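Asks: Chains as they are written, first to last, in our numbering: chain B, 1 to 270; chain Z, 1 to 228.
Some hints here could point you the wrong way.
[Claimed, not checked] DSS-like, lysine-lysine: derived pairs with alpha carbons at most 25 Å apart:
hint : chain 1 : residue 1 : chain 2 : residue 2
1    : B       : Lys14     : Z       : Lys177
2    : B       : Lys14     : Z       : Lys109
3    : B       : Lys14     : Z       : Lys148
4    : B       : Lys14     : Z       : Lys140
5    : Z       : Lys148    : B       : Lys25
6    : B       : Lys79     : B       : Lys66
7    : B       : Lys14     : Z       : Lys111
Honestly, the hints are just simulated from the structure, not real lab data.
These figures come from a predicted structure and were not determined experimentally.
If you want the building blocks of each chain, they are given just below.
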Amino acid sequence: MSMMKNYVVETIRKAQMVQLLANGKRLDERALDQPRELKIETGVIPKANGSARVTLGNTEVIAGVKIATGIPFPDTPDKGILMVNAEILPMSSPYAEAGPPSEDAIELARVTDRGIRESEMVDMGKLSLIPGKTVIAVFVDCNVMNVDGNLFDATSYAVVSALRTAKMKKYVIKDDKVEATDELIPVPVETTPVSVTIARIGDRLVVDPNAEEEASMDMRITITTDDNGNICASQKGEASTITPEQVLQAADVSIKVGKAIRAQIIEATK
Amino acid sequence: MPMIQRRQVIPGDVVAKGNYRFGSYIERHGDEYVALRVGIAEILRDEIKLSPLTGPYLPRTDDEVIGKVVDVNGFGWVVDINSCFDGFLPASFVFGRDFSPATHDLSSKFKVGDIIGTRIESFERSRDPQLSIRGQGYGKIESGEIVKISPTKVPRIIGRRGAMINLINERTGCDIKVGQNGVVVVDGSPEGIVKAVKAIRLVEEETRAPDLISKVEEALGGSAVGGI
Numbered sequence: 001m002s003m004m005k006n007y008v009v010e011t012i013r014k015a016q017m018v019q020l021l022a023n024g025k026r027l028d029e030r031a032l033d034q035p036r037e038l039k040i041e042t043g044v045i046p047k048a049n050g051s052a053r054v055t056l057g058n059t060e061v062i063a064g065v066k067i068a069t070g071i072p073f074p075d076t077p078d079k080g081i082l083m084v085n086a087e088i089l090p091m092s093s094p095y096a097e098a099g100p101p102s103e104d105a106i107e108l109a110r111v112t113d114r115g116i117r118e119s120e121m122v123d124m125g126k127l128s129l130i131p132g133k134t135v136i137a138v139f140v141d142c143n144v145m146n147v148d149g150n151l152f153d154a155t156s157y158a159v160v161s162a163l164r165t166a167k168m169k170k171y172v173i174k175d176d177k178v179e180a181t182d183e184l185i186p187v188p189v190e191t192t193p194v195s196v197t198i199a200r201i202g203d204r205l206v207v208d209p210n211a212e213e214e215a216s217m218d219m220r221i222t223i224t225t226d227d228n229g230n231i232c233a234s235q236k237g238e239a240s241t242i243t244p245e246q247v248l249q250a251a252d253v254s255i256k257v258g259k260a261i262r263a264q265i266i267e268a269t270k
Numbered sequence: 001m002p003m004i005q006r007r008q009v010i011p012g013d014v015v016a017k018g019n020y021r022f023g024s025y026i027e028r029h030g031d032e033y034v035a036l037r038v039g040i041a042e043i044l045r046d047e048i049k050l051s052p053l054t055g056p057y058l059p060r061t062d063d064e065v066i067g068k069v070v071d072v073n074g075f076g077w078v079v080d081i082n083s084c085f086d087g088f089l090p091a092s093f094v095f096g097r098d099f100s101p102a103t104h105d106l107s108s109k110f111k112v113g114d115i116i117g118t119r120i121e122s123f124e125r126s127r128d129p130q131l132s133i134r135g136q137g138y139g140k141i142e143s144g145e146i147v148k149i150s151p152t153k154v155p156r157i158i159g160r161r162g163a164m165i166n167l168i169n170e171r172t173g174c175d176i177k178v179g180q181n182g183v184v185v186v187d188g189s190p191e192g193i194v195k196a197v198k199a200i201r202l203v204e205e206e207t208r209a210p211d212l213i214s215k216v217e218e219a220l221g222g223s224a225v226g227g228i
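The shape of chain Z in the complex, shown without the other chains (with noise of 0.2 Å):
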């Protein structure tokens, strides 16, 4: 494993010097990096990363968010997407080319209030972010609770290569959701749901925790619930 190097820094701050490979909030002068929000800066070999403490969600192409429908067009879903942005669900990407507002009832397929699952199609800071609904998995979520973290915290939950969502799965039996926005749905019996939700709570308030995910181990308690 390469040497991780964490610093806490704030806007203005030199990350590191070097030749590295950038990812969102840092900018580059000559050879100093910046960053550019308030967070966690890591250090890599040859790559530096910096997740912000707090924020909203900026859409990005191709993330899979939980949308709430908000509004119904004739063209169209508008779908709050726990952003400055509202993401809009063209009605031809769900009923397919012939789609004509005269035959087709847009209400009949998702109704003000549904939470989808979606995903971004394509976005650019002139115009609101375009959703689709294409591929598995997508479309309306029809029960479950939801949650609401921080955008920022998403990674945690989901955890290394998805062994914190997986733990939580395992011992609950709940079937959990999650939008690169924030947005989490958890579905189960009413008693995994409970723990779902406080393991997740646990999560978003110990985002820092060395080692967090024996912390939520420990609290979601020792034997696996299962299939229920």
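Next comes chain B alone, as it looks inside the complex (with noise of 0.2 Å):
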């Protein structure tokens, strides 16, 4: 991230750093396959129609879902409308300023909102009530409360955590007017997409990078897969190259350690 640019490791740190990296090793110890902890908490927020707190070692997101009635938009005038935006709180780490969002919140959220959206997490078809008139909406809202690094994925849990366990109001339709009655029902959930951050640090490849390696990284690339293992979206950032046989290593790695990690995003969202 440009925002982590600011942060300088230190010469003596990133020579051991690399050091480390070509015994297969790092420096918190983790093995290069190996994500940081996770812990997610959900129902965090009582107003929320569903929410989430997830930290992955120090880096914490908070997730909100808010769901209202909307008109569709008219390409797509049978289908609901889903909307994940991220915001980086100022208070989150130092490098982090107040004021309109900064290029990295905006990365942020639209790496986030394409995994959710791409692997066709909630079935936007369910969504629609009057076809052209009224579609239900479903807005997910994210503040990163710390930075250590790797905020893609902490944010991308976060989401799917808050959808996966978040209620909304049952539409019945009365003489062509949407009426929302008391009865809650979850948000049609097809499937889990976990997104993977993998960085390249020299010529190794890491998963989960915190923020020293992400400042170190001269390569990033984020894969979110989906239930079946399918690869459902990418981003691949900062300015160095990346090779095919590396775009393969990277995909097979986010399908193995996704796997691990939606077994305990499920557990958690039961």
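Work from the hints to combine the two standalone chains into their complex.
Replies: Have a look at this one:
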């Protein structure tokens, strides 16, 4: 992240990191393909339709879901609306600033949104009430509370967990009008997308980079997979290039790591 | 040994009444001495001291600090000294009086990311602290493990007349540099570094333990490793 470019890794620390990586080790004693400890807490915002607080190591993200009715987009008259937004709070890092969303916050929101959207996690067809007139709109807002690298994955897990536990009002159609009932039903969730970010430092690929590793990486790739292990979205960042072999290697790792994380998310959002 | 009285205080507490010499974080009102921080007040025979439980590093002239170069410009280096102020090391302090931005290459001396041992040359609150590397033992630190501790705990790491730091050095064979700003660099054999870092973390956690030094001694194990 360009925000983390402001963070200077000490020369001697970076030398240690590179030396350890050459032996397949990391500064925090993780294996190259081992993500940090993931903790998921749901229902943290009582007034939201759904919410989750996720910590991935020291990175912390809160997501909230708001569900209302709205007018569909003209090109998808029979589909619901899904919007994922993310903000990096100024308190979360010495390098985050208040004001309009930074480049990083915009990329974060778009990459997270893409993972949820392209995996077809939420069945948008089921969110249609009166085609062309009224549909259900799902808004997910994320706030990054603490930055210690890999905001992409932490935010994605928070959104997925919040959506999996979200409850919305059941709407009925009476005389061509939409009416809300008191009955609460879950959001139609079809799959559980899991995003896995992999950074390259030197010639090594590491899963779930922390802030130090992000400040030292020359390339990163975020790959989202669905329940069947299909890749549904990806984003490559930073200036350096990636070889076709590394793309395949990263894809394999993200499917493997994603499987374990998916099981954890499902367990936490039962 | 004079009677030492120790007491926990919060801001506004009257630490003592009478006539004493007093250090930082204490204010005198008439004959009352008032604490300005949450911490432990030490009342000696003719002196009172307050060590805050926590807090940022506030630069003081002649403090030895360990900093990280975060920027290089035409006139010097901007150094992160783990404080709310960035230190500035002017190029003329390093290259001498005949320094000129046209002829001297600052990056050849210190690069962004380098760790340097420096001394605070001068500091007043209206300007960033000025650093200097003149003197023995200052300058770039080439290797070692960086450990950050709370700046308020630096005196405990050093110990009475350097007792703690000497003990850790003796038992692990590591060279330990402690900056007043809470940055510690430990250098030695890989096993020695692991032990020394553990000992430093122990000191940090158990700062208020009564017989800290024997606790650390116990944790480090009996025999001296020495000179590896």
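Asks: Look at each hint and say if it fits the structure.
Replies: Results of checking the hints against the structure:
Note on B:Lys14 and Z:Lys177: the hinted pairing holds, with a Cα-Cα distance of about 19 Å set against a maximum of 25 Å. Distance check on the hinted pair: B:Lys14 and Z:Lys109 sit about 18 Å apart at the alpha-carbon level, within 25 Å; holds. Distance restraint check for B:Lys14 and Z:Lys148: the Cα-Cα separation of roughly 16 Å lies within the 25 Å cut-off, and the hinted pair is therefore satisfied. Taking the CA atoms of B:Lys14 and Z:Lys140, the gap is about 15 Å. The hint holds against a cut of 25 Å.
Restraint check: the Cα-Cα separation between Z:Lys148 and B:Lys25 comes to about 22 Å, which is no more than 25 Å; the hinted pair holds. A threshold of 25 Å between alpha carbons decides the hint, and for B:Lys79 with B:Lys66 the separation of about 17 Å falls inside it, so the pair holds. Using a Cα cut-off of 25 Å, the hinted pair B:Lys14 and Z:Lys111 holds, with the two alpha carbons roughly 13 Å apart.
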